[in-house]
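Given chain D, put chain V in place with the hints provided.
Respectively, the protein sequence lines represent chains D and V. The first sequence begins at 1 in my numbering and counts up one residue at a time. The second sequence begins at 1 in my numbering and counts up one residue at a time.
Honestly, the hints are just simulated from the structure, not real lab data. Here the structure is a predicted model, which means the values were calculated and not measured. Using N, Cα and C, we set each Cβ at its ideal position, and we do this for glycine too. None of the hints are false.
Cβ pair distances, simulated, as ranges: (1) D:V360 with V:R213: 53 to 61 Å; (2) V:D120 with D:E352: 35 to 43 Å; (3) D:R117 with V:E104: 46 to 54 Å; (4) D:K361 with V:K195: 45 to 53 Å.
Each computed SDA-like pair below joins lysine to any residue, with the alpha-carbon atoms no more than 25 Å apart: (5) D:K34 with V:R183; (6) V:K12 with D:T21; (7) D:K34 with V:N189; (8) D:K61 with V:E37; (9) V:K196 with D:E26; (10) D:K34 with D:A73; (11) V:K60 with D:Q30.
Counterexamples of contact, computed for chain V against chain D with all Cβ distances above 10 Å: (12) V48; (13) E50; (14) A84; (15) P135; (16) L143; (17) G161; (18) I198; (19) K200; (20) L203; (21) E205; (22) V214; (23) C219; (24) V234.
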Amino acid sequence: MMRGMSRLATRGGARYKSLLTLNEDEVALQDMVKAFAKEEIAPYVMEMDEVQKMRPELIQKCFEQGLMGIETAEQYGGSDAGFFGSIIAIEELAKVDPSVSVMVDVQNTLVNNAFFRWGTDAQKEKYLRMLSTNTLGSFCLSEAGSGSDAFALKTRAEKKGDEYVINGNKMWITNSGEAGLFLVMANVDPSKGYKGITCFVVTGDNPGVRIGKKENKLGIRSSSTCEVIFEDCVVSKDAIVGELGKGYKIAIEVLNEGRIGIGSQMIGLAQGAFDTAVKYSMEREQFGQPIGTFQGMQHQQAQCATNIMAARLMVYNAARMKEAGENFVMEAAMAKLYASQVAQQVASQAVEWMGGVGFVKDYPAEKFYRDAKIGAIYEGTSNIQLQTIAKMIQSNL
Amino acid sequence: VGVKHTVDYNIKVKVKDGKVAKDVKHSMNPFCEIATEAAMKLKEAGVVTEIVAVTIGNAKAAESLTKAMAMGADRSVHVVGEQAEIDGLETLQVAKVFAKLHEELQGDIYFMGKQAIDDDQCHVPQMVSALLNIPQGTFAAGLKVADDKSSIEVTREVDDGSQTLSMKLPAVVSCDLRLNTPRFATLPNIMKAKKKPIDKKKLSEMGIDLTPRVEVVECAQPVERQGGGKVADVD
Chain D
1 MMRGMSRLAT RGGARYKSLL TLNEDEVALQ DMVKAFAKEE IAPYVMEMDE VQKMRPELIQ
61 KCFEQGLMGI ETAEQYGGSD AGFFGSIIAI EELAKVDPSV SVMVDVQNTL VNNAFFRWGT
121 DAQKEKYLRM LSTNTLGSFC LSEAGSGSDA FALKTRAEKK GDEYVINGNK MWITNSGEAG
181 LFLVMANVDP SKGYKGITCF VVTGDNPGVR IGKKENKLGI RSSSTCEVIF EDCVVSKDAI
241 VGELGKGYKI AIEVLNEGRI GIGSQMIGLA QGAFDTAVKY SMEREQFGQP IGTFQGMQHQ
301 QAQCATNIMA ARLMVYNAAR MKEAGENFVM EAAMAKLYAS QVAQQVASQA VEWMGGVGFV
361 KDYPAEKFYR DAKIGAIYEG TSNIQLQTIA KMIQSNL
Chain V
1 VGVKHTVDYN IKVKVKDGKV AKDVKHSMNP FCEIATEAAM KLKEAGVVTE IVAVTIGNAK
61 AAESLTKAMA MGADRSVHVV GEQAEIDGLE TLQVAKVFAK LHEELQGDIY FMGKQAIDDD
121 QCHVPQMVSA LLNIPQGTFA AGLKVADDKS SIEVTREVDD GSQTLSMKLP AVVSCDLRLN
181 TPRFATLPNI MKAKKKPIDK KKLSEMGIDL TPRVEVVECA QPVERQGGGK VADVD
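One chain only, chain V, in its complex shape:
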């Protein structure tokens, strides 16, 4: 399960000096919580044997891994980067990290949130699928695993309704709002999460080209909404 440590959804984001103010409370991306829950449901149904939570972020991102493990993930991988490296990280590079980790993890299903609520890019699951040349079931609102565990059926919410796709494993599934309601981690599980292993890797040592391909030209607060006005008539 890919989880991202993002700005907490309760925070009102402000732009300071042309950059988004990042020294605010962070927590697990809400769609990543849904992804973790989806994986847990499969584990509880006996379909999945092991859940590995993965994050790419600064040292503090480990909090989201702990949360995933408190929800039931068995272990974690933390790809750690310096703050400057993380700030400059683009979605293609994130996808490349996941692709690289696949060599070691050999996951059957890669669960991710459909998008992160900080940059709302909605790129990574699709890019991982392309890089690994495996199928993708994005915006999942429903999921079924075949009895022989060789394929899954993903029901996706699309603009004109819902679409159900069948795909062979391994596959990437990106989770949308209506897939499930994430559980609260119980207190005993929060305490147990401390003892679960986190495998740390350095972003700079993963052999991935981190040169930016996108240049941020401007970053500004949206224009304040002006109040309405009264007009004499609408002719």
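The following block holds chain D by itself, in its conformation from the complex:
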């Protein structure tokens, strides 16, 4: 019995130091993004939030740092740092500003991703290069009448010879205010239902696309969320990404992966709120001691730290599974669901720990609280995540 057990231990037990272990490159990336966020983003967070606009210089710097093509191959101008690289970058950015984090997240996990998986060589050469060098991308799926029920989208793409003419209004589109490239889901044949949905790439210089109303949001206010209007937007058939009628597949699969990115944004947000509030609680004194040393506070902080750890493990796990080529749909849904819940809970606690100071805009806590809410809504609402998880559980019975 003893011999058998020790053989088990040497064979595979102690291979990983921890499930949170990062390799050398990931550590280097993490350090760089941390330093970058501290120096280039932190001083402008509140200002960008107030004016609801991302600093153009900041967007430019993100490109220069290689953060807009993290997984993109070197041959297309990317950083070739892998999916986990994106996850770490998104997390570190969210610790400072979840708005910048989501901009980088959409670019990498949605837009770049679509091209990695379904782009032709010509499309990759042209568009991945643009996206890693100087062009911000947007993923246009949702409409006024179709959010969770994505396939009910009404945007049409009519075939006219070798071209398609796109007409429709997309809503809630992240990055659209500054984007130069749009991936748009449009239906070429409504009689086929969702099997007519096709993914098209439209560049910003196309006269048939324009940006409409910008939403005035509760949180992530410096991330532009606008209406994108396609009016007689003409594209060649080469603008189809993937196959005709397979756009629904692209939408689902790209969002499954993007979900992990959002999970990462949420754990970064939770950590940022936590760190700021805990630090404050050890400085602020009442009744002769730092408020963080009262047992009630200690217990709350311990619970929050535990929840963040659990969420992080789920996000990292889903990310590693995706990298390993495993089926990760359920794990990704669980990670996003849980991480967004933890983010809300921790951000809310953080405001309370900071007291009056947590309620004013001079301090970071109130922004984290407002930003956290979107986690349960975009890239698949929490109810949709629950539905996905339930389906996968029950389909295995």
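Chain V in isolation, oriented as in the chain D frame:
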């Protein structure tokens, strides 16, 4: 460029059992980052053709070499020591290692940070200069290379202002805070740094006498600052 893998500047150093607790996050010494940046600026101006990052440390010190290469150094030399050897390493011995490496590297300018933020000795650049009998421009806040590349002008921050010295190459330059602002390594460069060569050498095989000449008598946390008190009057 000499770089040191030191305790990260964000860490609050604690003393445990008479020794500084070393099992904390380490990263490149901030002044060494400035040194690397100084070398990179010369490379980008076409004045310098090759940058070699050098460190003397344990196995993990390679992280700082990777950082230097991510910032643009072409290759590295890692003089590896066992943890016990590194813990006991004194500045004279470090300087001797650099002097020994000069035989192979034949550097024109030896860039270093002015001091390391862990021991704050501020010895090595000056000692290297003495050992090699070459000029030193320490606490550099400004640097100019002559057109014929045979000499440099170093502007130094001194207690009563700044002083500009001209010196022939090869020379040692130790870098101070206001010399430059180090660049962030871009992500593509971080990934490329992996492929750049690191030449590993063993500290014990470099033929340098490692017997300590300094004995540490005591190592303690600074006395906690007492609060102020009120006095009735100041007479």
